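**Student:** What follows is the residue order along each chain.
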Amino acid sequence: MPAEKYLSGNFDRPGSETIDGYIALGGYQSARKALESMTPEALVELVKESGLRGRGGAGFPTGMKWSFMPKAGKDDRPRYIACNADESEPGTFKDRAIMEHDPHQLIEGLILGGWAMQAKAAYIYIRGEYVRPARILEKAIQEAYAKGFLGQKVMGKDFAFDVVLHRGAGAYICGEETGLMESLEGKKGMPRKKPPFPANYGLWGMPTTVNNVETFCHVVHIVGRGVEWFRGIGSEKSKGSTLFGVSGHVARPGLYELPLGTTAREIIFEHAGGIANGRELKAFIPGGSSTKPLPASLVDVKMDHDDLAAAGSALGTAGLIVMDDTTCMVRASKVIAHFYRHESCGQCTQCREGTAWLDKLIGRIENGSGMMRDLDVLLDVANQMEGVTICALSDAAAWPVQGVLRHWKDEFARHIQEGKCPFPDSFEI
Amino acid sequence: MSVVTEAMRQEILSLLPRYPHKRSALLPALHVVQREQGWIPPEAMEEVAALFDLRPVEVMEVVSFYTMYNRAPVGRHHLQVCRNIACALRGARKLTRHLSGKLGVPLGGTTPDGRFTLTEVECLGSCGTAPMLQCNDDYHENLTVERLDEILSNLP
Ligand SMILES: Cc1cc2nc3c(=O)[nH]c(=O)nc-3n(C[C@H](O)[C@H](O)[C@H](O)COP(=O)(O)O)c2cc1C
Ligand code: SF4
Ligand code: FES
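Protein sequences, first through last, are from chains G and C.
Using the working numbering, the first residue of the first sequence is number 7, and each one after it goes up by one.
Using the working numbering, the first residue of the second sequence is number 2, and each one after it goes up by one.
In case anyone wonders, no lab produced these hints; they're calculated from the structure.
Remember, it's a predicted structure, so these values are computed and weren't measured experimentally.
Hints may contain errors.
What the hints assert, rightly or not - Okay, the calculated bits of chain C under chain G, using three or more residues with CB under 8 Å as the criterion: (1) 42 to 52; (2) 59 to 66; (3) 90 to 102; (4) 132 to 141.
Glycine is no exception: its CB is placed at the ideal position from the N, C-alpha and C atoms.
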C-alpha cells in the first residue's frame, strides 16, 4: 500500500492556501488540540517520543532540541523561534513548495512550536529570492491574525504569539543557524562561535530554537495522529516521510513524498520515471550538494540516516540529484566547488583558502591543465577543511570532493593524462 | 533631494515594531530602497544609516555582503540564470549562451538601451523545474531556448 502523503496532501487541493480552505480540510485542529489539552512539557515529550529528526540537513532530534530551551520560571527572558526558510542548498526545493501550496500548515506548526517552547514569537527567515512564496505566506499570516490564531490571545487562550516573516537578501551562509540569527539582527550573516548555543544565547541574545520549515510541518501531524502512527512510517532511526526533491537527468523531476528508508532505486526509477532520454544512471547525490555522490552500483541504498551513512554519504536535505552516463564527474565537482567558494563567508582561514583551492584545482583538472600530484593535494586540502571551522560550510565543501575522489578518481586521472575532458557529450559549463 | 523619499521612510518606520531591536529592520529597509530605485545608491546608504543610527560604512558592509542588493544600476529586466548543478545538468549553459548572443552582452553586462542585464546566479531552489532563470521578482522554469524567446518577446 503506498504511504499516505500527509505533508503534501493539500498541495493539489484548490484553495488550501487560504485559511478557510485549510480549515475545511481539517487544518488548525492540531493547534487547538495542543492548546486545549496539552501542557507545553507534554508536547515536547510527544515530539521526543515520535523520533522526529530535523529536515534542514543535519537530522538532529527535534524533541531533544526543544528540550534544551531553558525552563520557564527559572529563566524568564523572552524566547524565540527562528524558522529556517533560507533553502539554498543546491538540489533542495521542498520548503518553497510547502510555503506556496500550504502556508497554513507551516503557521500551524509554528503555533505548536511556540506553545511547546512558550515562545514570544517566531521569525521566519525566508531567502530573499523567494518573492512569490513570501507574498503567499505573508497573506496567510495576516489571515491567521484576523482569525485570532496569532496575536495576543491565540485561539482565545492565555498565550500570546507572533509570527513575523523576514526576507533575506541572497547568501547561502544565512541558512546556517547562527548566520541566520546575525542576518536577522541586521548584520552580515557571519556564523557565530559556539558555545554559547542558541538555546541560551540566540536571537538578540535570547533563548532561541532554529528549525527547518518542513520540521514544523511534521509536528502538526504528530499531534493530530499520534506518536504510534508516526513511528509506523519510515525506518528504525529515521521516522516519518519526507519530501524527496528529485532533479537532474530523470524523466520526471519533482517532489515525491515518501517514507524515509525508501530506496534510491524506487525513487529514481518508479517515481521519477527513470533516467531521461533512454540513458543509464551513472551517479546520484542523495541529499543536496553537500552530500557525497554515490555510484549507480549503490542505488539500492535506503534513503535514511543510517543506510546512507553506511554507504558513505548522508541524507542531508533529501534533494536527490541524478546524473546519467554522459556526465563528467569532474565538471559536476567543479560546479559545486565554485558554489562553496562563492558562499564562504571568509571568517575561517581553512574555509576561505580551502574552498578557493578546491575550486582552482578542480578547475584546472577539468580544463585539462592539471598535474598528477594535484590529485593528492586536492584530497589533502579537503581533509584539512573538516571539523576545524566555526560552521559546517567548510565540511560541506570538503565532503563532495572526498566522495567524488573515492569513486571517480580514475576520471580525474584521465583528464590529466589526456589533457582534456574525456566525456564529449557531458553537460556544459 | 533625498533618495529615500518620505513614503519610503514611512514604510521603513512601519517595519520597526516587528522587532525588539531596530537594526533588525535593516535588510527589509534596503529591500524597500531597491524596489523603488532598482539599486542601492551610495546616498541611500547614508540616509538609511541615519535612520538606523548607524555609520554609513556599517550599511555599506551589509549591502556588499548580500548578492541581491545591486550596487550599480541594472537593466529594467534583470535576467539571472541559475548556473548550479541541477540547472547545469539540464542545459543552463545553452540558455546563457543564447541570451548573451541574442542580447549582445557578456555575463554581467547591460544592453545599451538599459532594458536587460544578464547575470548568472547560484541555485534558486527551483531544481525540480530546471533549467530556470529569475527575471526581477519572477521565476521562469522548465526553460528551453524557444520558451526563453517567447518570454523575452512578452517583456515590455
Ligand atoms: C552552510 C549551511 C547552510 C545551511 N542552510 C540551511 C537551509 O537553507 N535551511 C535549513 O533548514 N537548514 C540549513 N542549514 C542547517 C541549519 O544550520 C540548522 O541545522 C537547521 O535549520 C536546523 O533545523 P532542523 O533541526 O529542523 O533540521 C545549513 C547549515 C549550514 C552549515
Ligand atoms: S566555515 Fe566558512 S562559512 Fe563557516 S564561518 Fe568559517 S569561513 Fe564562514
Ligand atoms: S540548481 Fe538551479 S535552481 Fe537549483
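**Student:** Verify this for me: three or more residues of the segment 90 to 102 of chain C with a beta carbon less than 8 Å from a beta carbon of chain G.
**Tutor:** Held - the segment 90 to 102 of chain C has 5 residues with a Cβ nearer than 8 Å to chain G, which meets the minimum of three.
**Student:** Are there three or more residues in the segment 42 to 52 of chain C whose C-beta lies closer than 8 Å to some C-beta of chain G?
**Tutor:** violated (count 0)
**Student:** Are there at least three residues in the segment 132 to 141 of chain C whose beta carbon sits under 8 Å from a beta carbon of chain G?
**Tutor:** Three-residue rule met by the segment 132 to 141 of chain C, so holds; n is 4.
**Student:** Do three or more residues from the segment 59 to 66 of chain C put their C-beta atoms closer than 8 Å to C-beta atoms of chain G?
**Tutor:** holds (count 3)
When the structure is compared with the earlier hints, a violation turns up for hint 1 alone.
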